[in-house]
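Protein chains in written order, with my numbering: chain A, -1 to 173; chain B, 4 to 789; chain C, 255 to 495.
Worth flagging that the hints you see were computed from the coordinates, not collected in a lab. One or more of the hints may lead you astray.
Claimed, not checked - List time: in silico DSSO-like cross-link candidates among lysine-lysine, alpha-carbon distance up to 30 Å:
(1) B/K127 - B/K447
(2) A/K149 - C/K402
(3) C/K316 - A/K149
(4) C/K445 - C/K402
(5) B/K138 - B/K588
(6) C/K321 - B/K788
(7) B/K51 - A/K125
(8) B/K588 - C/K445
(9) A/K46 - A/K161
(10) B/K341 - B/K243
(11) A/K105 - A/K91
(12) C/K316 - B/K788
(13) B/K243 - A/K105
(14) B/K51 - C/K316
(15) C/K445 - B/K30
(16) A/K105 - B/K30
(17) A/K125 - A/K149
(18) A/K105 - C/K478
(19) B/K127 - B/K588
(20) B/K243 - A/K97
(21) C/K402 - C/K382
(22) B/K51 - C/K421
(23) C/K402 - A/K161
(24) B/K243 - C/K321
(25) B/K51 - C/K426
(26) B/K30 - C/K382
(27) B/K243 - C/K445
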Amino acid sequence: MKVLKTLQKVTERAGTIGAGGFLLAFVLALLWPARANVTQPIQFNHRKHVDAGLQCENCHERVSNSPWAGLPQVDICLTCHEQPITESREEEKIRDFAKRNEAIPWKQVNQLPTHVYFSHRTHAASKQIACAVCHGDMEKANAPPSAPLFKWTMTACMNCHEKQHATEDCNGCHR
Amino acid sequence: MKLDRRRFLFLSGGVATGAATGRLSLKAIGAFNEALAPEMGAFPGDEKFADSICRMCPGGCGVRVRTVGDRPVKIDGNPLYPVNRSGVCPRGQALLQWLYHPDRVMRPQIRNGEKGWESVSWDKALQLMAAKLDKVSSAKQKRVVAVSGRGAGLTRKLFARFLHASGANMLFSLPTGMETSEHALQLMAGRTNGGSERMAYDLENSSCVLNFGCDLLEGWGTPAHTLRVFGQWRDTNRAKRTTLIHFDSKLSISAARADQWVPTRPGTLGTAALGIAFVLLSENLYDGEFVDDNVFGFNDWTDTAGRSHVGFRTLVREEYRLSRVSELTGIPPATLVKIAREFAAGRGAVAIGPTQSPGQPGKLSDAMAIHSLNALVGNIGARGGVALVPTDGWELPADARGTEVTLSSSMEALETSLAGSPEVLILDQAESLLDLLSAAQREKLRQIPFVVTITTLQDSTTSYATLILPDCTSLESWVDGQAPTAYPHEVLSISEPVIAPRGESKPFGDTLLSLAKIMGGSITAALPWKDLPEVLQASSRRVAQNKRGYLFGTEVDEHWQRLLERGGWWTSDWTSEEQFWTGIKENGGWWDPVSWAAEPQRSFPTPSGRFELYSHRLEEWLRQQGKGAFSGTVRDWDRQVLPHSDEVLVSADSERFPLLLHPSDQLPFFGNNGQEIAYLQQISSLYGGMEWQRWVELSPEDSHERGIESGDLVWVESAVGKVRRVALVVEGSTPGTVIAPRTGNPTTGRWAVHGEQRLADILVPVLDPVLKTRSSMATYVNIYKA
Amino acid sequence: MKGARLDMPRWGMVIDLDKCTACQACVVACQVENNVAFMGPSEAQRGRAIFWMKLAAFPEGKFPESKVRFMPMPCMHCDDPPCAKVCPVDATNITPDGIVRQIFSRCIGCRYCTTACPYTRRYFNWYKPEWPGESSMALNPDVSVRPKGVVEKCTLCHHRLQNAREKAISEKRPLAPGEYIPACVESCPPKAMYFGDLDDPNSEVAQLSRSSRAFRLLEELGTKPKVIYLREGERSGVNRS
């Protein structure tokens, strides 16, 4: 009872309510997952391309022979888009970049911290893990996502590693 | 609790502030983490390996560059390059720090006022240079002085031809250190008329090496090759371990790693050599057959005028008795005997020296004394020994105008030219030059109205310059390589650029070709090529005509080729000039791995047709120099011509200057450059904590006497000046001797320490009495606390 | 060694002191390969320069019988590492194949391990590493750049092992001998360093480790170091004139 009374006394003061609200909001704001807000130079439509029959590795070429999957550059896009296929302004941007001899400045949405090393070759090619397992259903995306579709934490990675009896060597990912 | 207006306002205000502060804190923590965790080089990229040639020193070893996403990230040796076969010295490992150095000069600069620089375009810079050179060449006297620290190669040849076409008559190249020994060998073994030759040692196959004062492991010949050979000497897979005996007054790294360090008093290397000769003669251990059939001047002889001369044998027996040698050199007689016996024990013994370091090539008489040892064991031209080999190097297609510019590496001749008030001074990667000039001479440089420096980094030459032309590192341009100093085989190599030139830097070879086009007339005619690859291809045509040699291959290929050669076979790796050009680009080079014969050379292009211990050419030269024919006894005259050892180096004033200072070159800074590179600075002080500083090494006895401890600031004073250094006391070092590394902290760039106090300011070069060029820079000094 | 498995190699190194030229190519090669920060003059003079591989010089004796001994010293990768015993957060421990690993992201910078190592082969990042100008372009992407406040040491170029293993997996074959070689061993110009599986009786390192010239440092402490030195050859004892 005494506790309740003290509590009542405390909450009677407006200042303390304000302070309480402050604290609550502060903590919530810290915990609420931060998301990167990213806009790509070309609003690439994954769905259209998948429907047209393309596989992930057709454009993200390096997935089978390199640690990095790679983001496609103009030369890959130009294999089909040298001539206009649609009337989309976005498609025109490809040829604009090519004309200016510029690389497409893709922004890397799926980023790992600098101290983490991840090999696409091992996961995608050697172990045959489907892209969607980590990258989510990109085939259904009409526009480039502004944040990763899948929440990666070390726990998520380690869960899979434990289940699949993959390496638990710390240095395997942290070099 | 009632939620009245007041409470509501406080609550919402609190929530809003909380949310905002929370977000900001999150961002702040994120930013804090980001700031703490600096950039990683992670970027998408494929791993590729590209070959190049390192040019951190004039040696030119083959390197293999690991690039990820077109960025070079690691350098290692190229296993196909025969000189080093996949090892590089620490300088090569630090090549990337040079390539990406923050103080790289990125565009041409013209001096603007006292300290300022103005960036200009290449066009403007070259126009300016062309105009100045035109003006000077049209004046009565040609007053262009050019100095190149670049090392032998096509670029230097292009430079020489350019200078010749524009009216200069001499190009000074910084010395390699082998000049005096090479000269001595040419006097004794003769020189083929018209052919150019260089001295080479077949160290890989030597079984016993007497090293008179050469800092083998600190930059001798070409470092990666010498280090590799050292490893081969001690390879347990080999039948016999090569013995290395080191004669020197100081305990350098090379001395410490030798099988035996023989402490020798300063200036007595030649005496020690003749002491060994005495033992060989008195115990009859020398190669009698070679000496009888192919050596002149060994026995007493009578000349055409009927005068009788003393022979080498008599001179040594009478004047270099072990007791006397021991007294002069400080070496116990028993040691000399033991070493001499070992030296003569089998085939493949060789003596190298004296000193043979750039700036300290040694005395001619000492060099001849050491070569006489080689003659006594019959290794001239034999496997494991010493010989004069043809020096081809890359040749520019012949110039119809005739002879090229003379290449001189005499500091004395350079000083004379500089004293003659030249109008234009061109410094090509010549930072090491400044370390060989005294303060007074450096001041003279400031009086030259137009100074051009070709350099990659801001270095000490830029403070004297009016125009800076940014050069490229070897990774950014086509590079040519050739057999480095003292290497026993012919090598010609090529490599393509690994990355594009950084900023607006341009390889000097290309700069010369552009300049030639601007200047027009005979200069354009002399250098008609459009770019470096065209020059290289034109030069390769001549090599393709060679009916010998192979494109670079693996070590297995090398063994096979030698096997073929023993049977007298040679199969060509190419059938046309084009195929040769493609092959040489792909494999990296061409070389002629011809093994040296087991037998010594039997005929010599000397007046007597033999290896001359008494050199007729030297005799003639001495006469021409006005030494007077036979003033004094015949013995005095003969002593001058035969290998002999002059007086010991003594102090002019042993009271005031009792300690002998040895300037030394360290491997990280071999070639006297690289002080700006952090990784090299960090490894420069093996005995403790002196990196980024300029220090002197003292023995415990000397420092104790003067109350000096490690870390104290001291003055190092000679008869001509004094400089301040930090003292370092090294256990076991020779009393009475001080070692002073020539380099230390950089004087330009972000880690510069200003107020140059260069060692050259206090050094008094010792000139060779015959050649009149500097033989040593060892100077008597005193050291006291500052 | 705890956790050792018979089917995994036990990586070790042999350094032939007779062939060593004290050139320090190994020191610089390691620094370049592993993105080791370099120190400017003032930091270096405080003794804070980082050398995962260090060439230690030991002058001994008095003139004229003086000598200097040079020993390249990487982390000894002890089979019973004292550093791993004291780490409060398990940022350093030993892998089943014998590499004493350092997990930089877990390290809290207490430096307990640095004190515990009897060979003084561990370094603390006192400063934020700086790569002036564009020198960061030459950073090796396979190795992280450590932040300030973290202890680092020789990793036997563990990243090279990872890369080699990964490549072998993708090509469906076992790891070939000589495919994994640390940067220092690769760089040595006189070929004085050897590396391989100490448990493979046919490997060069295993055979050399049984040589009569072989010795290890501070064996009496019971750390079981896996870097083995070969004594200098005959006549390289005390210098006698």
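Each hint, compared with the structure:
no. : hint            : verdict
1   : B/K127 - B/K447 : holds (27 Å)
2   : A/K149 - C/K402 : holds (28 Å)
3   : C/K316 - A/K149 : violated (67 Å)
4   : C/K445 - C/K402 : violated (35 Å)
5   : B/K138 - B/K588 : violated (41 Å)
6   : C/K321 - B/K788 : holds (28 Å)
7   : B/K51 - A/K125  : holds (25 Å)
8   : B/K588 - C/K445 : holds (28 Å)
9   : A/K46 - A/K161  : violated (34 Å)
10  : B/K341 - B/K243 : holds (19 Å)
11  : A/K105 - A/K91  : holds (16 Å)
12  : C/K316 - B/K788 : holds (24 Å)
13  : B/K243 - A/K105 : violated (62 Å)
14  : B/K51 - C/K316  : violated (52 Å)
15  : C/K445 - B/K30  : violated (51 Å)
16  : A/K105 - B/K30  : holds (20 Å)
17  : A/K125 - A/K149 : holds (21 Å)
18  : A/K105 - C/K478 : violated (49 Å)
19  : B/K127 - B/K588 : violated (34 Å)
20  : B/K243 - A/K97  : violated (67 Å)
21  : C/K402 - C/K382 : holds (5 Å)
22  : B/K51 - C/K421  : holds (15 Å)
23  : C/K402 - A/K161 : violated (35 Å)
24  : B/K243 - C/K321 : holds (24 Å)
25  : B/K51 - C/K426  : holds (22 Å)
26  : B/K30 - C/K382  : holds (21 Å)
27  : B/K243 - C/K445 : holds (17 Å)
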